[in-house]
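Q: If you read the sequences in order, they're chains A and B. Under the working numbering, read the first sequence as residues 1 to 146, first letter to last. Under the working numbering, read the second sequence as residues 1 to 420, first letter to last.
To be clear, the hints were calculated from the coordinates, so they are not data collected in a lab. Since we're looking at a predicted model, the values are computed, not measured. Take every hint as true, because none was put in to throw you off.
Pairs of lysine to any residue residues, derived as SDA-like cross-links and limited to a Cα-Cα distance of at most 20 Å, are as follows:
#1 B/K211 x A/T87
#2 B/K3 x B/S25
#3 B/K211 x A/S47
#4 A/K12 x B/M1
#5 B/K211 x A/S22
#6 A/K12 x B/H34
#7 B/K211 x A/H23
#8 B/K311 x B/E229
#9 B/K211 x A/L115
#10 B/K270 x A/L115
#11 B/K211 x A/I40
#12 B/K270 x A/T87
#13 A/K12 x B/S25
#14 B/K270 x A/D116
#15 B/K211 x A/R43
#16 B/K211 x A/R42
#17 B/K211 x A/P45
#18 A/K12 x B/G35
#19 B/K70 x B/P114
#20 B/K70 x B/A13
#21 A/K12 x B/P2
#22 A/K12 x B/E32
#23 B/K270 x A/E114
#24 B/K211 x A/G88
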Amino acid sequence: MGNVIRGRVVIKGSAEGEALVSHEPLSFWGGYDYRTGEIIDRRHPLSGQIASGRVLAVPFARGSSTTTAVLLEAVRAGTAPAAIVTTGIDSFFALASIVADEMYAEPIPLIALELDDFARLRTGARVRIHEDGTIVEEETSTANET
Amino acid sequence: MPKLTSHDEALLAGTHGPAAQLAMSIVTRMAEVHGAPELMDITGAHIDSTIYIGEAGLEFAERLASLGAKVTVPTTLNVSGLDEHHWQEWAVPADWAHRAGRQMMAYQSMGCIPTWTCAPYQTEMRPAFGQQVAWGESNAIVFANSVLGARTERYPDLLDTCCAITGRVPAVGLHLTENRAGEILLRLAGVPIALQNDDSFYPVLGQFVGKIAQDRIPVVDGLTVQPTEDQLKALGAAASSSGAVALFHLVGVTPEAPTLEAAFQHRRPKREIDVTMSDLRRARRELTTAGGEQLHMVVLGSPHFSLAEFKRLAPLLHGNRTHPDVRFLVTSSRAMTLLARQYGYLQALEEFGGRVTVDTCILASPMLPPEVRLLMTNSAKYAYYAPGLLGARVTFGSLEDCVRSAAAGRVVRDESLWET
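Make a model of the complete structure from these sequences and hints.
A: Below, the structure is given as structure tokens:
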């Protein structure tokens, strides 16, 4: 058992995947290609990464209101992140997840973390998200830095 | 769970039909997510969900429309995915246009006003000071809150629609006075008045403010001029692209900031920052992703061009022509374009070889042919999103730079105001 981080459940659910972490907020409009799951904001540190099926951790959604619509398209297309972790309650991600539940019965689990806990997340780590908001980072050879 | 009125309960129980029930379910679930104690009434809405992104957004709109959804407050519509009557003149695929057109129909069928603009504050539906509204579209949100003193949260797409149908919103965030106080103070330090009077100062300041403020409320102090409404529009659009700014205060300019103390509601700033010319020069550089002088298109009008901007543009174009290799495009609303024509501001644009597109913009519609890769604009919002959405590279310049570059067929920028 590796790191255990306790977060606040924004939208309940469980998920598992490789973490993709940035401290830069992200707009999905102009920032996420729902056809491929690629992060396409060329000014963003995660530009070029595929977020589909991964646990995406960004502080919040900046920019366009259309972030919600793009994330909903990603759910329908099967290219959405497995879960999203933020530093506060993000309306844009929450609403996309609620509508994805209402329309397709596929809510995206959302967890909000304290800033210190968010800082413990590492790209590449395998993480498991539990329904109670616990994030468990599985032991890897490089996961001893915290 | 928020405390619901009997009307809220009735909506949720389906007494007012299945569309209102679905909308109310989404509104109350969002209220729960935010821990809102109750819902509150709104007097208007602006729906951003009109932009055609793909099948899910279309399904959502058509599901609501087929369930008989009607908005219960005056509701304006944001840009759609196509210039309804002129899309064939551009590279929009017919199949895509068909689906974007269905989405337009769905929202119109709900009783919304077909304004098709990202600048609803340039219509007669502009909210008054203190009015509670539910607006989507990041630039419209920040304008409504900051410049008009109306009150809206940063509404995501689809929730704007649900609020318009129910007329109810979670009573949280910027709807409440105590959450509208400034949080961080940005002091302009040594910014010459000549630059403060220049249009291109405002998008650059906005780019900087958005990056610093992120999702907090910035207060800018030290402006020594009275900016125009279009300059404030450019500032807000930039700050809500580079950051998540939904409200800014400009001391002595915006309605909730007659004084520095008022802007902060007599609280202390969490952070104080001096904004220097070197910060501004860096922010200006960040808006440009293209190198070199080559240019395929000049595009103006994000947010949609106002009548005042058409008026300012016309004499700059007079007696000139755009270079044969450079397209020149202004994006605006039907209403502003009609007025501009009536006032005679479009003649110079047409003689220059420029065009106007209404209802949409280059970011919301696949209208540009693939050979258009190098853009120039005076809009920070176009500069911010074009690389990701269009795969294009962008040069940011002033309105005058844009016109001179179009005529010269290559990027020309006057650096004099920025070198001081």
